[in-house]
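Asks: These are the residues of each chain, in order.
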Amino acid sequence: MNPDKSMLRTHLFCMALLLPAFGIAQEQPSAAAPPIDPEAMEILQKMANYVSKAPNFSVNMRAGYDAVQDSGQKVEFGETRRIFVRRPGHLRAEIEESNGDRSVIIVDGKELIAFDETHKVYAKSPIAGTVDQAIMHFVGELKMRLPLAALLLSTFPAELDRRVQALEFVEETTILGKRCDHLAARTEDVDFQAWVEKGDKPLLHRVIITYKNEASAPQFWAQLSDWNFKPALTDKQFTFAPPAGSNQIQFAAHMIRPAPADAAPQQKTGGKP
Amino acid sequence: MKLRYTLLVASLLSVFVLLAVPVQEVDARGGGGASRSGGGGGGGGFSRSGSASGGGFSSRSSGGGGGQRSSMSGGGQRSSMSGGGQKAAGTSGGGQQASSMSGQRAQQGSSQASAQASQRQQQTSSQASQKSSQASSQASQRQQQASTQQSTNQQSRQGQQQTTQQGRQEQQTQSQQARSEQQTQTQESHQTQQDQNKQSQSENQQSRQTQQDQNREDWQDHGSEAQEDRQDFYDDEVDGDWDGYYGDDDWEEAVVAGAVIVGTAAVVSAAATPTTSTTVVYAQPAMGAYVTTLPCAPVKTVVNGITFLSCDTTWYNQVYSGGGVAYVVVTRPPGY
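Residue numbers (this note's numbering), protein chains in the order written: chain B, 1 to 273; chain W, 1 to 336.
Treat the hints as calculated values from the structure; they're not laboratory data.
Heads up, some of the hints might be wrong.
Derived DEER-like restraints, expressed as beta-carbon distance ranges [said to hold, decoys possible]:
no., chain 1, residue 1, chain 2, residue 2, range
1, B, 73, W, 333, 17 to 23 Å
2, W, 296, B, 118, 38 to 44 Å
3, W, 305, B, 117, 19 to 25 Å
4, B, 234, W, 293, 36 to 42 Å
5, B, 78, W, 302, 18 to 24 Å
These numbers come from a predicted model, not from an experiment.
Glycine included, every Cβ here is placed at the ideal spot set by N, Cα and C.
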């Protein structure tokens with residue numbers, strides 16, 4: 001055998017092995033976003049319409065999120081929420097955080113009240129209008145936390161339609177004992193996955209939101225259970241009576257604050273001899 | 001032979017190049033994490049906040065992490081963030097403008113409310129001083145009346161002593177007259193005082209009514225303006241990323257760091273046994289800064305229905321912020 005030919009064959013063999021690797025190395029995620037799968041969008045919109053058109057409903061949410069520390073370490077915190085909606089103007093959310101802190105948010109058609117049971121303080125903001133307006137005021141203006149707030153809006157389908165830039169069907173799977181369609185969506189700011197129940201009741205059972213533009217790409221997740229579209233709701237549930245010993249405070253967004261100044265060292269004389 | 005070596009070298013080089021590409025990529029990805037961890041973590045507990053805590057379908061903060069996070073520390077930016085202007089960095093233009101406008105409205109609302117609150121405080125203090133001067137005037141009148149009465153009694157008693165030789169009948173008559181005059185004077189005095197009190201009460205009621213009316217008008221105006229602002233906000237943000245809550249709390253850490261310095265200074269001054277006075281130098285939290293925990297067991301003071309909490313010379317108000325209760329550094333209430 002000609003050694004040159006043998007060497008050439010060996011070389012070509014090596015190249016043949018490495019070319020696919022080279023191809024993979026060059027194959028970076030495409031900048032072009034995948035298109036919106038119309039069937040997946042139909043599933044998503046069916047779910048959104050089902051919830052947004054319901055005059056009343058209640059649902060339980062168990063959620064968690066990554067809090068990215070300065071060290072880069074991700075630490076998960078969680079909470080449970082019991083949510084009651086009576087359109088057009090009533091909302092109640094009972095919250096228990098993973099550290100045991102409990103709070104309540106009530107929208108009674110005239111006011112929005114946030115009550116912190118742990119600190120026995122509450123804040124009010126007048127909001128005569130719909131649940132939609134109250135939620136947008138609470139989250140957008142008062143900068144308060146209300147995870148998956150868009151889910152509670154009557155405009156939820158439009159919110160999704162406006163934001164989703166790419167949407168694909170992933171697979172059929174089972175979440176909390178329900179057969180679900182698993183969808184993966186992309187928006188400008190976040191990627192999210194949704195698990196929507198198959199059949200006549202297209203309920204949302206699980207959501208994962210990835211904040212892809214943030215450092216360490218933290219995630220928020222939520223499991224939604226005990227959907228009830230005929231809940232026994234009473235006026236009392238949407239009425240707030242300050243418990244004895246509780247104090248009214250302001251929302252930080254309403255706080256009249258002086259112009260912040262840099263912290264300057266201050267001398268204090270005196271002390272014990 | 002030469003060709004063989006050349007091919008071998010070329011093969012080895014190609015293998016090296018192809019393997020090196022992914023390694024460089026891994027290094028590049030790892031670099032971000034290393035630089036973040038090199039920035040030093042915060043002492044104390046873990047932060048519960050962050051962009052994912054909001055659970056929104058959008059995020060207004062831009063990527064880039066470190067730079068933005070450090071620029072936000074220091075408490076001041078939080079104020080502008082709550083208005084939405086700086087928080088909108090990295091978002092599309094429309095949303096940024098809308099949130100910036102909303103921030104301006106919030107600031108205007110805030111300053112209006114501030115002016116109204118200040119006006120109400122001035123009215124209250126003015127009325128309080130009026131009440132105080134009326135009360136002191138009444139007290140002065142009462143003192144004068146009592147003095148006149150004492151003088152009359154003394155004269156009456158002196159007269160009685162000087163006329164001891166006169167008959168008991170006359171004395172009794174004089175005494176009766178004196179008592180009668182005294183009673184009359186006392187009755188007149190009481191009547192005058194009651195009239196003054198009634199007049200004063202009436203004036204106070206009128207004053208209070210006027211103040212209540214003013215307050216009601218102020219709050220109605222404020223509520224009406226706030227309602228209009230909210231409607232504007234709803235109209236503006238209905239097409240924007242209104243739920244892009246950003247829960248960064250670097251400002252809290254900065255202020256808490258100040259509190260740690262205070263604590264350390266206190267320990268040092270307590271541990272030392274100086275014979276002369278000690279000078280304690282500490283960093284005071286910036287006015288308007290937020291903290292989630294107070295550096296001491298605070299002293300609670302209620303001023304005009306508002307609860308203030310104080311640690312040494314720093315005064316706080318409790319506020320609802322983000323996911324829960326926080327404390328904001330405020331100016332010391334007047335008179336404290």
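Asks: Against this structure, judge whether each hint is valid.
Replies: The hints, checked one at a time:
no., hint, verdict
1, B/73 x W/333: 17 to 23 Å, "violated, 41 Å"
2, W/296 x B/118: 38 to 44 Å, "violated, 20 Å"
3, W/305 x B/117: 19 to 25 Å, "holds, 22 Å"
4, B/234 x W/293: 36 to 42 Å, "holds, 37 Å"
5, B/78 x W/302: 18 to 24 Å, "violated, 36 Å"
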